[in-house]
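First to last, the sequence lines map onto chains L and Z.
With positions in the first sequence counted from 1, the corresponding number in our numbering is that position plus 27.
With positions in the second sequence counted from 1, the corresponding number in our numbering is that position plus 9.
Note that these hints are calculated values from the structure, not bench results.
Incorrect hints may appear among the rest.
[What the hints assert, rightly or not] Label-pair ranges, simulated between beta-carbon atoms:
{"no.": "1", "chain 1": "Z", "residue 1": "Arg-62", "chain 2": "L", "residue 2": "Leu-104", "range": "28 to 38 Å"}
{"no.": "2", "chain 1": "L", "residue 1": "Arg-113", "chain 2": "Z", "residue 2": "Glu-189", "range": "54 to 64 Å"}
{"no.": "3", "chain 1": "L", "residue 1": "His-282", "chain 2": "Z", "residue 2": "Arg-62", "range": "30 to 40 Å"}
{"no.": "4", "chain 1": "L", "residue 1": "Asn-75", "chain 2": "Z", "residue 2": "Ala-221", "range": "50 to 60 Å"}
{"no.": "5", "chain 1": "Z", "residue 1": "Ala-221", "chain 2": "L", "residue 2": "Leu-104", "range": "48 to 58 Å"}
{"no.": "6", "chain 1": "L", "residue 1": "Ala-58", "chain 2": "Z", "residue 2": "Phe-80", "range": "27 to 37 Å"}
A virtual CB, placed ideally from N, CA and C, is assigned to each residue, including glycine.
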Amino acid sequence: MKLAAFEAQGRARWDKLAAQLDLLERGKGEANGVDVAGWPALYRQVCNDLALARDRELSSALVAELNQLALRGHQLLYQARSGDWRSLGKLVLREFPRAVRREWKLVLACHLLFYSLAVGLGSLAYESPTAIYVFMNEASVHDFENMYDPESGSVGKPRPADQDTQMFGFYIWNNVSIAFRTFASGLVFGAGTVLSLAWNALSLGLVAGHLAREGSAAPFFRFVVAHSAFELTAMLLAGAAGMRLGLSIVAPGPHTRLGALRAAARASLPIVAGSAAMLVIAAAIEAFWSPRLFPAAVKYAAGGVTWLLVGLWLWLGGRDGD
Amino acid sequence: MIDTMHAVQTPEGVDLALPVAGPAPRGLAYALDLAVQSLGLSAVQTVFYSAGRTGFAVALSLIAAFLINWFYPVLFEVLGRGQTPGKRVVGLRVVHENGTPIGWSASLVRNFLMVADFLPLLYLAGVTSMCLDSSFRRLGDLAAGSLVVHAPRPRRTRRPAPAPADAGPAVAPPLLLTLEEQRAVIAFAERAALLSPERADELAAIPAALTAGEPPRARLVAMAAFLLGRSA
């Protein structure tokens, strides 16, 4: 078939489909006397036309036009229904704990890495008065010491409610970003994740050890006990998700590295989402509850409750089918 | 065709060619997006700080900075049919590898993993990955199964360039041409209007056996008209 005959025969439906696609892409059903009824059938015909035009090696301009038309139709016909807010809730409440339990080995490994480093460095800073200066300059150490000083410390001092709100914004901006980066940098064979976790263990361990040495352990632990359940656990879960990415490249198992990486990225998304949700909760606790000065018993009881909540969430969440 | 194409087979059994976009247009779109993000953030902060720099205003603007930094590309890609404002201006679109519109999980993966593409500095890993991959995928695209393709604004019709006025009537070629030779003649006629007249004459003079004696350019265009079936 010559091009002119082919074009004469098909031009009407190509133009009609193009007009229908214009409408569909703008989310309309009808305008200017064109409606979209029956467009999938027309789209399939245009797919035939494209195959024919390509096979007969008709004009490359025409092949390009039909390809573009078929591509637009393909994108409209095969678009996936995107999730709504309910599915976001389901993701955080059910799929997140399931994914955490599925990756329990990596979660455990991240906990061991983090807490052994933190405790090790903490006892180092407890024994040696100079250990902390490897990591911090004198002014920051002084600030920390003042903040948690049992006599004159600023923790628990009434401060304007306004400042609590400001800190809430800061914790979200800072901590959730750190969690996302901890996850994403795991792509580099897990190295970014390990470095990030080690750095956080270093700072927590040294500060806690040093404060304990200065006799400020009690105010410090009263401050951190409640929000640390959400904050530390969320960081370590983001770390486990990052390790899953890195491991998929280092040890892809029976898959290609690319295939393993894709599966890992999909599988770890619920963990990252849950980790972000936990960090928002942690930010609220850290900003509005942790600085309040209550009797130690109340603070530790609240801390116990938050650790219990986190444990129950991850242990039981999403177990009831669905 | 020498363009970089990524072929996708549709359920209709036809191969669609996705014109994948390289580092240069994508870098441009990214720079535009960065500009939009920082302008948007400063606009939002101006509004928040208009009633004084209270702790509440600081909190809101920090949260806005967080959301814009991480979710601006995701929201625009998923809700804007694969286009952030920068990509819209440059004419790019993010799609799944099978040509379907990008969804939430793929968009989250590709945009979060941009952190890894940045390493060790200035997107070196991402650009290296793009240059090594046949479809210009950065690390985030590889993990998400996504592609960035050229998405020209749909033009009403793109008919082949009309034959020049001096083409005259269609003329049958004096020789039997193979399919490939016919294609070359037709392609020349389509593109003749885009070439400078000197270059077009120069090219048309190459198949001397076809054009013997006649002005070669008009002769080839007339033959193309015949081959396309315009005269019949």
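| message | Hint by hint, where does the structure go against what was stated? Just the numbers, ascending. | response | Hints 1, 3 and 4 contradicted; others consistent.
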